[in-house]
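Could you put together the complete structure from these sequences and hints?
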Amino acid sequence: MRLTREEVLHIARLARLGLTEAEVEKLREQLSNILENFEVLQQVDTTDVPPTAQAIDLQNVMRSDEVAPSLPQSQILANAPRREGEYFRVRAVLE
Amino acid sequence: MKASPDHLTIHEAHRLLQSKQLSSVELTKSYLERISQVEPRVRAFITLTDELALEQARKADERIASGEATPLTGIPVLIKDVICTRGVRTTCASRILENFVPIYDATVVERLKKCGAVLIGKANMDEFAMGSSTENSAFFVTHNPWDLSRVPGGSSGGSAAAVAADEVPYALGSDTGGSIRQPAGFCSVVGLKPTYGRVSRYGLVAFASSLDQIGPLTQDVTDCALVLNAIAGYDDRDSTSVPHPLPDYTQSLVGDLRGLRLGVPKEYFVEGMQAEVATAIKAAIAKLEELGAEVEWEVSLPHTPYALAVYYIIAPSEASANLARYDGVKYGFSYQADNMWESMEKTRQYGFGAEVKRRIMLGTYALSAGYYEAWYLKAQKVRTLIRWEFAQAFERFDALITPTSPTVPFKIGERVDDPLQMYLSDVCTLPINIAGVPAISIPAGFAGSLPIGMQIIGKPFSEETILKIAYAYEQATEWHKRRPNI
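Chains as they are written, first to last, in the numbering used here: chain A, 1 to 95; chain B, 1 to 486.
Watch out, some of these pointers could steer you wrong.
Straight-line Cα separation of at most 30 Å, BS3-like style, residue types lysine-lysine; simulated pairs [what the hints assert, rightly or not]:
(1) A/Lys26 with B/Lys411
(2) B/Lys411 with B/Lys266
(3) B/Lys59 with B/Lys20
(4) B/Lys481 with B/Lys411
(5) B/Lys266 with B/Lys287
(6) A/Lys26 with B/Lys346
Honestly, the hints are just simulated from the structure, not real lab data.
The following block contains the structure:
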């Protein structure tokens, strides 16, 4: 299981993660090694075994839909790198 | 009055505070003094909240005077920097959150504050809790107080090192695959990962949501029970927290193991395990037998060898989703490029360190179209088999006993360039998160001057049983009384 450079770039794009050329090569090597090691999982017979998403028997936790105080807008915006009035400011999505 | 806290446990400090032999302000000042002496060598703190601590100590003294002290009132605590503290910078040891100041307290912090705890600082860790040595901190490396050239373990390495070096009587950590227990073992302190759902994770910065738990790092088992009493319990702000009744965990500290059935899973004595570790743990188990427990020495959990792969597919997959929120828009580091996508990609490129990037990549790959079934879904199915195996074992045993880690603390720098080698240091702890059960690491010996930890694994919500075993062993041994020479 060896990843290609193109595969690494594809994954990085899916993750919106910028990488330098050196990082692309290093990750290609390291991820390939890790995945090769993890191929042992394919040896395990999981016929009729359901997947586990989490380990305790809680399901569909509901709460009543009641109005309660929420955090004030000024605080929510307090850590914003860029803001304009009462909004987070972002780069244009559609150009 | 004592000039130095000199390894006071929580329960000892509480007694001194109650009997007015010591005030919380004096206690806090003596820890600040100790921190100023050893911190340049240990480097466990990202943030020191000395002014806040003294203010809380003054309030604690008033509360003690009014006769309304809890066991934690007036006693300093260090919080791992992945747990949100209102108004106190919370970095996750990452550049991307270097200047992030939370606007609310995590539930565990809120509960400690209600108890009158004194928040003395925020602990160093592997970035976003991803690592086993605290070398992945974006800021600096923490040193093991037992040997400064070695790692304290991770990811809660700052929390464990600070407790071992007596910079603080106790700390909180988080544990996704061993991040409380492995550093506890490496630093010869007590570290508990509670059952998934026992302690609220509201305000814990998410790494792998089906595995993360918060727990205490303390100097002894009594303190562990006291801290668990304070932080455990249902919280409607964490939908994975469980509304089970909450016992008084100090009731488990009784020292009698008669009638308890213990199993020793042979797969945990892995190939490549250091001989001194196996010898020490076998001697510790013999001690438990001597204390009245029935021990079966050759139990088999055959899917154990697959746990590493299951963990390092599931945890990075969940991490890749959880860390998608760091986009440079709402909070944190933000790179301003000409367009939105480039801003986002560069924010993440410069904001995250190497291990975080590696795990985001691994997780994104395992979840991506065409690979999801072969990797992520397969790992989830093998996870089921590992859970079933634990459930079967717990039909026959009250607890399972293993080493916490296959080796003693390794040298700083020794494993940083070999991710797989680093991942192997969690091989004994991560199956426990996969199964969602509770486990504690307690001091169980030394190889030369380097600590060895024993892991006691329990059934879901049986923290009382593992505390009972841990306490009996601790009372019968002297390991927890040894102190690093620092």
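Hints versus structure:
1. A/Lys26 with B/Lys411: holds (23 Å)
2. B/Lys411 with B/Lys266: Status holds; Cα separation ~27 Å.
3. B/Lys59 with B/Lys20: Holds - the C-alpha atoms of B/Lys20 and B/Lys59 are around 15 Å apart, at most 30 Å.
4. B/Lys481 with B/Lys411: holds (24 Å)
5. B/Lys266 with B/Lys287: The hint holds at about 18 Å.
6. A/Lys26 with B/Lys346: It holds: about 18 Å lies between the C-alpha atoms, which stays within 30 Å.
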